[in-house]
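Fit chain F to the given chain H structure using the hints.
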Amino acid sequence: MPASLLRELNSLLGSSNVLDKIEDLVLYEYDGSVEKARPDLVVFPHTTEDVSRIVKLAAKYNVPIVGRGSGTGLSGGALARGGGIMIVFARMNRILELDLENARAVVQPGVVNLDITRAVEHAGLYFAPDPSSQKSCTIGGNVAENAGGPHTLAYGVTVNHVTALELVLPDGEIVRVGSKHGDAPGYDLCGLFVGSEGTLALVTEITVKLTRKAEAVKTLLAIFDAVDDASRTVAEITARGITPAACEMVDGWTLCAIEDYIHAGFPRDSAAILLIEVEGLREAVEAQAAAVEDVCRTHHAREVRIAKDDRERDLLWKGRKNAFGALGRLAPSNYVLDGVIPRSKLPQALQKISQIGKKYDFAIGNIFHAGDGNLHPIVLYDPRDPLQFGNAIAASHEILSYCVELGGALTGEHGVGMEKNELMPLLFSDADFDLMRRVHDACNPDSSLNPGKIFPLSKGCGEIRVRKQAKAHSAKV
Amino acid sequence: MNATANLASRLESVLGAHRIIAAEAELREYAIDGMVPNAIVRPASAQEAAEVVRFAIAEKLAIVASGSRSKLDLGMPPARYDIALDMTGLHEIAHFDPGDLTLSVDAGMPLRQLANVLAEKGQFLPLAVPCHETSTVAGAIASGIDSTLRKQYGTARDFLIGAEFVDGNGALCKSGGRVVKNVTGYDLHKLLIGSLGTLAVITRLNFRTFTLPQTHGGYLACFSNLEDASAYRDAIEKSGLPLANLETFSPEMVALISAALRETTTELAGRLDPAKWCVYASSEGNEAVVPRIARDLQKLAKEAAADGSEVLSASADVHLGGVLREAFDWLRWTSPIVALFRLALPQGTPGALAGLQGEAQESSLRSAMVVRAAGFVYFTMFAESEDDSALRAIEKAAAHVFALAAASQGHATLLHAPLKLKSRVNVWGPKRADLGMMQRVKHSFDPQNIFAPGRFVGGI
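Protein chains in written order, with the numbering used here: chain H, 1 to 477; chain F, 1001 to 1460.
Just so you know, these hints were derived from the structure itself, not from any lab.
The beta-carbon is built from N, C-alpha and C at its ideal position, and this holds for glycine as well.
Some hints could be false.
What the hints assert, rightly or not - Computed, partial: chain F to chain H, Cβ under 7 Å:
1. T1184
2. D1187
3. V1441
Next comes chain F alone, as it looks inside the complex:
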């Protein structure tokens, strides 16, 4: 307690009392896997954030920057956590040039608020990420979490065009710019995506924006088994239809989605059959394109002998799209123990997917699976209690999941797991061949290792 009070008062001498919080109850809200910081600082500008970083360097303290704190469970808990740097005080739009479709926005701007401003000009940022109602823009980037619009719009690396940040020397730096095409200097901002705050404190981000589509459509087809669902999905991929999203749900996942849907609507949930594999495809475009895609999907579903299929109503599509966007969030709380993996697997390998289910079955664990756009699989295993036998079962299955991903030339990450499991399983999977290179990058940005030490791949 003494150290806490002491740190807070020393920080107050840097930024003033109004920026510092050291009350026990608030500190606990910033906990990461049970680790509580000694002080919270809420800078109001990039310069103030840099001052905190310089203070931390001088005092050899560890900093974890955060926004709405909705995804702090990603990665490992930090090895040290002295200062929680709350970036929500930086929340302005620095530039928005609708005519150029470019945007420059402060780190702590909430995505929802940003979406409202962009929508006034008929534009949007295709970061359809979980916890969308609370997430900040920099949190979405630093977490690297999947957007359900990636099939059409790509990932953040495709539309993040520049950044400003405080490096591990406490200097305000930038890379990229505010134009949509630019190869001037190293693309350091790309390194910030998914870095979990281990390289720098992001203060501002520049994006290419997009025009809101005229309309959208969703199409759902159900199959009695995985093979038929996979064949249908392959046919869709080969057709080249421009889809916004494409996801396949295992029967267990269908049941979970139904339950999640029921919280907001009764429209679709009753018709989702939890005995089937379902494939959801969505599209965005003009009034001619969306129905055309629905027609093509209908034809492909018929050819693939779907057990049932339907064009979703606009509202059902919005609800289902929302539930899928938020899947990472609600999946975490569906059971006392949830181990949520994200795997990259080659397309057209139903064998690998069946293998994943087999791993869970062998350990007598419930599981659910969604094959997301671009071949990324969210595979979740559940246990009903935190007893040791359940943990051992998940631990064993997890080792097999990592091995299966590697054997398929893919990779896996444990996105969410209780701390007890994290202490037994490396959430980042087996050691990567490029770890040495990542360590070099980390050291370049953060030579004193003050940013979120230990949260990242290989103990970075």
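Same shape as in the complex, but just chain H:
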């Protein structure tokens, strides 16, 4: 990295907003995925203009850039695969406008997801997308990855809640797309940029829709002695046209780990549980809860508990949302996968995951959004053991390939990033890549922005900015 670039960044942002020492940079070489890649410099802009100037400097020095929020992503989307400058949005964390009348909030990308809800809940509103990491992940990261969460089953993922964006393109140009009230004349550019994984532009301001809190909510915990029964329950809830606000499944083995950690009162001897939430008007909730309970019992639920109050409900959700942490106690590391299948195919998918786990001798937990077919198998492994590391990757590829075979997709909410880009040909043809590449190049012609993501490098998709050494998997310790 040229010393003059560092000097120019220091004079642009002040040295307190620039990191260049190795001991600082190592903190930014990983995210929630199994990958690693170290940036050469980390900078903290405070304004959109800062971002634009940083980007222009990077262009001048021909250095790649990657944007980052809190680094909770699970596909390596916020890793500097090409080295270069990492733009961390943590200090662009202001809520710029709350328009409660129109149920909109305008926020900077570094605002933490849950903080939007905290700012508006006094008015009976909230921000619907709720990834498990919502206490720490940022809205900018949510936009980049089109993040989901348990309650996106009924309310949709991030893109369904974004109406306008301010963007900085790789040449430093600042562009606003969409409109506050939505449905702006022209192409749905917000729909394109949300979920583009930071490969088209850096997002510097986001206008989000706020959702009104439901009048009533019921949370049911259904306990099953067979995983198949739980799977069939989910399929039948969908088939009966009941749309719960959330429908989560946790297998019995994982549940024991959670119970050890959270003490939420989960049974230790079940095969699987479903955590199902219904929301809406009181009358609708009563009817839906009764219907859900009926389906559970038809499929041999051993017990169906209904949370009596908010405290019980919160405890059940705490168990679900801290599940990854609970599993962290059992192995040196875990690898959270993210595949999607048609909802009716849950039973065979879970059987296959179990077979693949046996084949590679891994314990694989399952905690996932069953209602929309979004699987999260969690492979427990030791990344310091090269054989285990390789097997974890192989198991992941087999599971995801099977998802595609069942008519599903490679990722439901974590993104492709540098984790699954080589699997993309399972779903897309050369013509599909060619068009996606043209759209990419229309915004990011030199691949200076977040190189080495989404597109398979093996396809020769013109990625010249990826460092050889960054591709190598290194142990996460």
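Below, chain F without anything else, positioned relative to chain H:
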């Protein structure tokens, strides 16, 4: 005529004579704002559509894809129009998995026929769009026209989960998939919504389907002025009641709706008072939810000092819902000159709505207004003849409408206007800041600019 015959015969050599039409009378049926194509092609498969596109690229010809042609007046007339690509020959359901609530359907499938198939499994697609009896599924998506169910079910971007299409290089491409949650690759299918065929030829669309509600209900409340009607509407929004639709009609609009209703029923039309502002709310759900919502609405109407209110009978609700769904269609033909605007305005701004009416009055034009779900306003100005003074009056008022929308942090589009007005007024409103980005997207999809050139925003 020579060029026409020549083009048709060259096309025949690609797809065979049975797919090509060049008869003058039929060509005129495909006219867009008076522009007549030189040939009509009816492909029977996505591959055939791609062959036509490749032919057009080689011959530097412009293509406009269409379905039932019910909304071809949206946008500007194309700058060039050589081939009308009639997609109604692609009309199969490729997949329908009721258990997964997912659907994959060919572009030319009529919405009505699709609705019948889905209803057999107790499901539906919440695309309650105008010209519903004739529209094709891809036409509904490409037009981007409003659905009257958006308040409850969202817009197409919320339930379109994937697409297959021919890009401007003649390649068959796809994006998304057939699962309800998916972030694999760029969401290119979202760009097709409302693109008026300027990016690609849609060949197949994948949707999330929904379960038909057990029952539905409608509630109508009338007010002597706009302010009271707006206050009632605001109270409804704040109550958080889950409504399927919520619309406010100006007195002139009430009169037009009455007239439209009379064509199918006598039940409600007589009771709609054309001196009042009316607010219609509808809901869908189970047998307990719908009456509960009606009770709450009744209470809110009373608090807002409504002049009158009533729970609609099921049949009156169906009729009124149908008339509202079709509003875009019938509003176009209510007068010799109709300028129909669609505006996005912030909620709770009766001042802006009064301002719209004022613009029409100042130009001595009749107008009618409906504030639709999510704050979208359909504002229509009428003139009785196509003489120049009437056109000038509408042109002047139109400039004010666009300015008013911009001043309210909203936006406006002229959805329908006679060609004479379109040649004077940019139907897409003032230049948008993101036009450059849209041009980049257009060029990525259609580098030769063969798809409906000139119909879209900023001359795209």
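Each hint, compared with the structure:
1. Because the beta carbon of T1184(F) sits about 5 Å from the nearest beta carbon in chain H, less than 7 Å, this interface hint is met.
2. Here the hint on D1187(F) is kept, as its CB sits about 6 Å from the closest CB of chain H, short of 7 Å.
3. A least Cβ separation of about 6 Å between V1441(F) and chain H falls short of the 7 Å threshold, and the interface hint therefore holds.
Violation of the numbered hints given earlier is absent; every hint is satisfied by the structure.
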